[in-house]
Every structure is written in structure tokens, then in C-alpha cells.
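Student: The primary structure of each chain is shown beneath.
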Amino acid sequence: MKAFDFYAAKDANDAVALLAQHAADPKVRVKVIAGGTDLLADWKFSPHGPDVVVDISRAEELKTITLTEQGLVIGALVTHTQIMRSPLIQQMFPALVHAAHTIGAVQTRNRGTLGGNLVTAVPSMDSGPTLMALEAIVTIAGWGGRRQVPLSEFFVGPRKTILKPDELLAEIIIPKANLGKPTHFYKFGLRKGQALALVNAAASFWVDWGKNTFVAARISLGAVAPKVIRATQAEAFLEGRTITPEAMAEAGRVAVNDARPISDFRASAEYRKNLVAVLTKRCLEGAWALAQTKRVEGSNGNRNA
Amino acid sequence: MVTVTLKVNGKTRSATVPPETTLLRMLRDQFDLTGAKLGCDVGDCGACTVIVDGQPVNSCLMLAGQADGRDVLTIEGLADAEHLHPLQKLFEHFGSLQCGFCGPGVIMSAKALLDENSNPSTQEIRDALGGNLCRCTGYAKMIEAVKGAGCMMRGEEIPEVKSA
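From first to last, the protein sequence lines are chains F and B. According to our numbering, the residues represented by the first sequence are 868 to 1172, in order. According to our numbering, the residues represented by the second sequence are 130 to 293, in order.
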């Protein structure tokens, strides 16, 4: 691995100060490291490693999962294992638990963080679709203060985000209006363990139980475009439509038009399009099953319950 | 250079290494703990698995500097001169390893599992070992050994060898 200078930040403020100090020189390549499960694997085989590494893995305030006025706030350093074990997330968003479980293996889930998965911005990331289907917002910390943007605007392209060299992803927030929204995630990889997604998808919707119709359907797809996307045509197709198996299957076919997959060594574009239709349908079926369960349990299967 | 002070197998150790040194390299080259193996070096094979603060991790994907102040357990920390750990006994009993290269990593992953749940299901064991690649013995005998070690840790009788 190429040599670099290493600074261990005491907390998030210290990390931002270290970034401001070192990123001021445009010739110096500064990188933030948390779990390191993506970065170290890359740096070992790249001649373009960083000059300065700021380790944020000790910033305890970024490791919490809390309910606030804004919604469910997940610190950027929360690991995939923490997500799987959080009673709050298990109860509100089993889809997030499922998505976390599909990432890597135990060892990578113990180190890898939610923030890291998003910042790496690989189009096949398994954390992306569920959060996009829940209209997550991210908080970015910099020397000048904090700013919030929708997750959908955070990604720019493969391995590119809007983060500036002196900025840090601090939090991921699921807005209050979407707490408990029935959501389902589905990943299709070639194996159960340690496989990247050929396609992954998530769907969420509320139910108008009086009319038995889709309300605020949100569908998100991964690995079928330069970044994680929303299938807006499929969403529009479902809005206000009666919930039937046929509508879910048709939404899957419509979602194919939202996807722009490429052919690579993992799968052809044509195959990925077929997967988009099937996965979208299955996500809608999964979210529908969850909505019905929540209704029976008397929890919030619809927004006003 | 970074100076790293951490607990390894119960003892406080310290080393000064270049910042790009991984925890795995430090354990092997500075502390002569060669149980954790350098396999793929990118976090796929799990041969470098050690337990950090109670959780199994790939030591090839952790910088030495990130391990400062942490509590690390390696395969060398399991047995003492007289007693093998139940997992080591049962891996021997069931013949769960052939070449043995993946062994230290597999056993550390299994130990972390049994520390949390001494009566895991087959699926839970498979999930716990999903990040440890074995290319010669296969997993059937490992799963039996992990179940057997769980029985031993719970003070129950060990089931007979099924796959022999």
C-alpha cells in the first residue's frame, strides 16, 4: 500500500478540523476512513492511494440510532451489524435489517458502516435502495457547518458523491412522515454469501384501506444505472391504483423503462431488465404483506393509524 | 510512523509501524503471532479473522492505528499449555481441517458465534462462517465441530460423528 500520513480524529468536530487543515492544499489527496472494508481493499491495488488519511472510527457520536423530531437518525458510523441488531430498526424497517444482512459477511458487517456504504457510491450498494425508497436525507458536516440534502441528490455517479474533500457524511435520516412505512428490499446475487447484487430493489407504500389503493409508492433500483435511482414512472403508475397482483406485475414492467443497465461480466443488460421487472414486483408484494401484518397488529400500516 | 498500544490475548503490547500497516501485518511481523493468515488481503477469504472488542473482523482490512486501545484476541489466545479450547478439541475430533490454512480464521469466527449463542442452528453457523472460505475440507465437519463445541460449552454430551 502506498505510504500516507494518518490522523485519528477524537470526534466528528476533530475530524472536520483535520479535514479543513489538510484538504486546503488541492495537491494533497485526503481520505476519510471508517470501517475501511472498501477503502483498504482498493488502496492495496491502486497507485493512486491517499496522501493523508483521517480516521473517524472513534467518533462515538456518529454511532447512535435515535428517534428525533426529524425522524429516525442513523449515525454514519453505525455498522451493518448494529442495524441488524437494533430493536428500533427491526420494528420499523425490517427491510433495512434484511438489506444489511445481504452485505458481505459477518467480518465485513462488523466493520463496514452505513455511511461508508453510501459514500463509496458503488451503484450496486445494498444500503441504497431501501433508504431511497424511504426518501432518506443525509447530513453533511464541514468546517462551515452542516447541510442536509436528499439522499437522491447525494449520489453523482459511480463512486462519486457531492461530498467535498473537506466534508464528512454525518447522519442518515428517515423522515418522520415515513416512519413505519411498509417497505421491502430484494437483492439478486449469484450466491447467498459475499455476492454483489446483479440488481437490487426496494419498494415502499402506504395503503388507503378504505379504497384499497397505493399511496405514495416509492420504488428504488440499484446496479441498473450509474447511481441508485428511483423508478419514477413505475411510482406514477401505482399512485392511487387499486392494489392487485396484476398492478404489481405491471409496475415491474414499467420500472424496466426507468432502468439504464449495462452489460458487464456479472450479467447482461437484457438479463438485468428482466430482473428489474421481477424484483420490483416481489418488493411490492413484500411491502404489501408487511402492510397487512402491521394492520392486523394494529400498528401503523397506514399513515394515519 | 504511528505508535499503537493495544491488548493482544490479554497482554498489553505496543509497536511503532508505518501508518499503512494493517492490523494483520502488525500481529504477524511485530508480535510474531502468525496464526492469523494472509490470504486474499482484501477481506474475501477470512483467513486473517481475529476478534476485536468481541467481534470477528478481517485484520487485513483494519489499519494498525485503528486498533490502538482495542482488545484483540487471536487463535494463539485460545489454548493454554494444558487445555485446548472446546472448538480446537472438536475440530480435531471431527477431522474438520485438512490443510488448515483457513482454520484459525474459521475457529475465531466460530468462537465469536458461540460466545453469543452456545446453541446455534445449522443456518446460524453457516451465516457465521460465510466469510471464511475453505477450499479443501468443506464445511460439513466444521459445522458438526461447532455444534459439538457448543454442547461441550453447555456441559452436554457431544453427538457422534455423522459425516465420517
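None of these hints come from the bench; they were simulated from the model. Heads up, the beta-carbon is just placed ideally off N, CA and C, and yes, glycines get one too. Do not take every clue at face value.
Okay, the calculated bits of chain F under chain B, using three or more residues with CB under 8 Å as the criterion [said to hold, decoys possible]:
| id | segment |
| --- | --- |
| 1 | 964-975 |
| 2 | 1018-1029 |
| 3 | 1062-1076 |
| 4 | 1110-1121 |
The following label-pair restraints were derived from C-beta to C-beta distances [to be verified]:
| id | chain 1 | residue 1 | chain 2 | residue 2 | range |
| --- | --- | --- | --- | --- | --- |
| 5 | B | Ser250 | F | Gln958 | 34 to 42 Å |
| 6 | B | Gly198 | F | Arg1013 | 26 to 34 Å |
| 7 | F | Ala1156 | B | Arg255 | 19 to 27 Å |
Student: Now look at each hint and say whether the structure bears it out.
Tutor: Hint check:
no. : hint                               : verdict
1   : 964-975                            : holds (count 5)
2   : 1018-1029                          : violated (count 0)
3   : 1062-1076                          : violated (count 0)
4   : 1110-1121                          : violated (count 0)
5   : B:Ser250 <-> F:Gln958: 34 to 42 Å  : violated (23 Å)
6   : B:Gly198 <-> F:Arg1013: 26 to 34 Å : holds (28 Å)
7   : F:Ala1156 <-> B:Arg255: 19 to 27 Å : holds (26 Å)
Hints 2, 3, 4, 5 from the list above are not met by this structure, while the remaining hints are.
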